[in-house]
Amino acid sequence: MKIDELKTNAVNTWCPGCGNFGLERAFKQAVAELVDEGFNLNEFVMLSGIGCHAKIVDYIKLNSFYSLHGRTIPPATGIKLANQKLNVISFAGDGDALGEGLAHTIFAAKRNSNITLIIHDNRIYGLTTGQFTPTSPKGFKGRSTPQGSVEDPMNPVELMIASGATFVARTFTGNINQMKEIFKQAIKHKGFSFIDVLQPCFTYFNTFAVYQKDCYDIMEKKHDPSNFNQAIERAREWNYNGGPIPTGVFYKIDKPSFEEAELKGKDLRSKDIATISDILKTKI
Amino acid sequence: MNELSILIGGKAGDGVKLGANILARLFNRLGYYPFVYEDYPSLIRGGHNFAIVRAADKPVAANYDQFDILIALNQETVDKHKSNLNKGGIIIFDSDSVKAQGIGVPLTKIAQDNSLPLIVRNIISFGVLANVLNVDFKTVEDCIKSAVHKKIDENIKVAKEGYSIKIGKKINLSKLKNPAKPLITGNDAIAFGAVKAGLKALIAYPMTPASSILHTLAAYQDQLKIAAIHPENEIAVAIMAEGLAYAGTRSMVATSGGGFALMTEAISLAGQAEFPVVFILSQRPGPATGVPTYTSQGDLFFALHAGHGEFLKIVLAPGNVDQAFQLSADALNLAWKFQTPVILLTDKHLSESTYAANFKESQVKPELANIWNKKGEYKRYSFAKDGVSPLAFPGDKAVVKATSYEHDEFGITTEDIDPILNMVNKRLKKKESIIKYLKNKETVKVYGNKNSDTVLIAWGSTIGVVREISEELNLKAIQPLFLEPFPTNKINEQIKNAKKVICIEVNATGQLASLLKNNGIDVDKVILKFDGRPITLNELKNKLKAK
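For the record, the sequence lines run as chains Z and C. If you count by this note's numbering, then the first sequence holds residues 1 to 284, one letter each, in order. If you count by this note's numbering, then the second sequence holds residues 1 to 547, one letter each, in order.
These aren't lab readings, by the way, just hints derived from the structure by calculation. Model, not experiment: these values are computed from the prediction. Among the clues, some could well be false.
Calculated cross-link-like contacts (lysine to any residue; reagent style SDA-like; alpha-carbon spacing at most 20 Å) [what the hints assert, rightly or not]:
1. C:K181 with C:D57
2. Z:K271 with C:E367
3. C:K175 with Z:L41
4. Z:K7 with C:G395
5. C:K450 with C:E472
6. Z:K252 with Z:Q185
7. C:K360 with Z:D272
8. Z:K281 with C:K225
9. Z:K7 with C:E409
10. C:K181 with Z:T282
11. C:K99 with C:G168
12. C:K490 with C:K517
13. Z:K61 with Z:E37
14. C:K397 with Z:V35
15. C:K439 with C:E367
16. C:K166 with C:D96
17. Z:K61 with C:D396
18. Z:K2 with C:K379
19. C:K500 with C:G520
20. C:K379 with Z:L41
21. C:K225 with Z:I279
Produce the entire structure from the sequences given, and follow the hints as far as they go.
This is the structure in structure tokens:
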């Protein structure tokens, strides 16, 4: 299919040069290729939180659930429980999934919910005009930290591997092909797939040139994504302050998903109604 | 004698709850309608727990604070409740650990002689009581078999030892002809009612007194072919349930005040995105942690006003298990009919007390929602005469866009004037639609002497005591089942000849009385109780007589 078929009538309001354009393009390409491979277009569901990233659901003609700030994961799991045929993809900002909604992100990894979480990691609150986020570098001067943030940044890649995610990757909006390939792998992965997408914010925190220079593909170093210790080690190579930035799939293992283990074949959209009379008999 | 009240008390861990349940099963078999009130502090071992088991010759939903029999597994039961023993009442106690006058039985020794844990003292004392009431041992055995699931033979043996103890005085309880009924709690009834209306997923985080909805549905999840999920917190609970509803699964959440506070952003989201989800709010005394294991009706205004912004919300409040079964099903059906959040208010007293159920499984069923006809291009928020847009789900041949933002008919964000006004008005139309729909439905119950010019008004579990006293004192009692939309006209109809309107509530500020006043209905008097305990029959009678 052509990616133009995924266009809506919504007017795009991202800033010129925003990394979100590349992310959107890579995702549409991934969907189009998956549809060509036999996926059903009606079985994709996108979710988003609140922030610049979240507008993506208005721009793509797919089922969507435009949620509240920090709350893409619980409804994504709910949707997957309701209908396991659906490919459920949450789009969230770094403030969204690592700040406001961090508990949900860790629990999605812990329970291995069969959904995909794509972080638009611009390391800044864009839509609220420039405050520091969980992944902003130490010393970052934003509108809420004019004297520089005193906190060290969080490393979401390391956190997700440690929390039980079964697919963990990092990519960069300057590398559309890598992004698209990782999105496709993540959507096909059975279990919780997490992708930290480094996405420069051209208005408040333009990191494009730094990422262009520092990002490298971990496969160049013969990385084994099934090896937990190697994955953690690779994840620790970059602490979100300075230095070379590993990208690619850090970790990928097979494990039963939350939904299949929890439901054991039950269909939660079934119209059958069970009888309660056997239960009531025991209460006499 | 055709009415009896028994208090059984002991430490947490003494099996008071099971002891009370077996007593209720006995009265059930003797043709009585049991009602069990449980009183326990927030701890796991020690403290003082008690349960009041009432046997009546008609369905009841309230208890006395005077008793005919005390069963004392600890000294505190005697010390605290002896003064509430009726004249001629009997104390059955463990003579190995309790000092009292009455029927002392070496319960501890019997348990030890049989190498059984001390928890079986509840079963031995049950045997003693059955003898006091002149019940044949076969019925005792049957009760134990129905309620106890481990070491049944050992339990029957020690019950027999208790039963065989020689006693002087007996109480003659006449046997009635009523058939035995299922004995269930308000929370059980809520769980089962929802299942019969098509519930497929209960999402909840444990919080007393709502937890047993989760426990019951988790225990029967395979039998009922549903999911019972316990996520990381109440925020996740509420929005996960909305994800399920968006994808076409009937879902419900259950919590108490503190958890409900965390869910309010999701209630607002359900208002905007038009998600059909039922929120069970089982009240306990607040603010904050308050008194976790006791009862209150203090969250009425909280429920009515939960969630920022203006949107249709439906709030229902059942008063007993039969109403809980019906209204829980109605809540789910209304949520799907009007695509909006529905709050079912209960409280510790209804949620955890045990009642004799008279509902029929077949009295409720899933009612059809407005489903998309699969013609033309789908618009999730299409303008409809009644404000209710047809539903489609992901997987259908449609693009289903749900959103927390203000939106156009397709669900695309808008900040333009006309689309905003149109969508706000579309949602508000649903309020007119439900008011119209409820016109011929029973939203207010009337009890007692319908011609009395004194009218008692109560909501939720408090109607149990109010109904019974209104019948005894020949007064009229009314109960709004719906609190939003508020049935103002139907209440006015019932009080138009009243000289005195008295509102009775288990809260400190008279929230129903305020709600009535806000709707132009004058209340002459309020009777309030807010110490965490429900109003008892003697208490209400005395308060009304003092007026």
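Fill in: Earlier hints that do not hold, by number
3, 18
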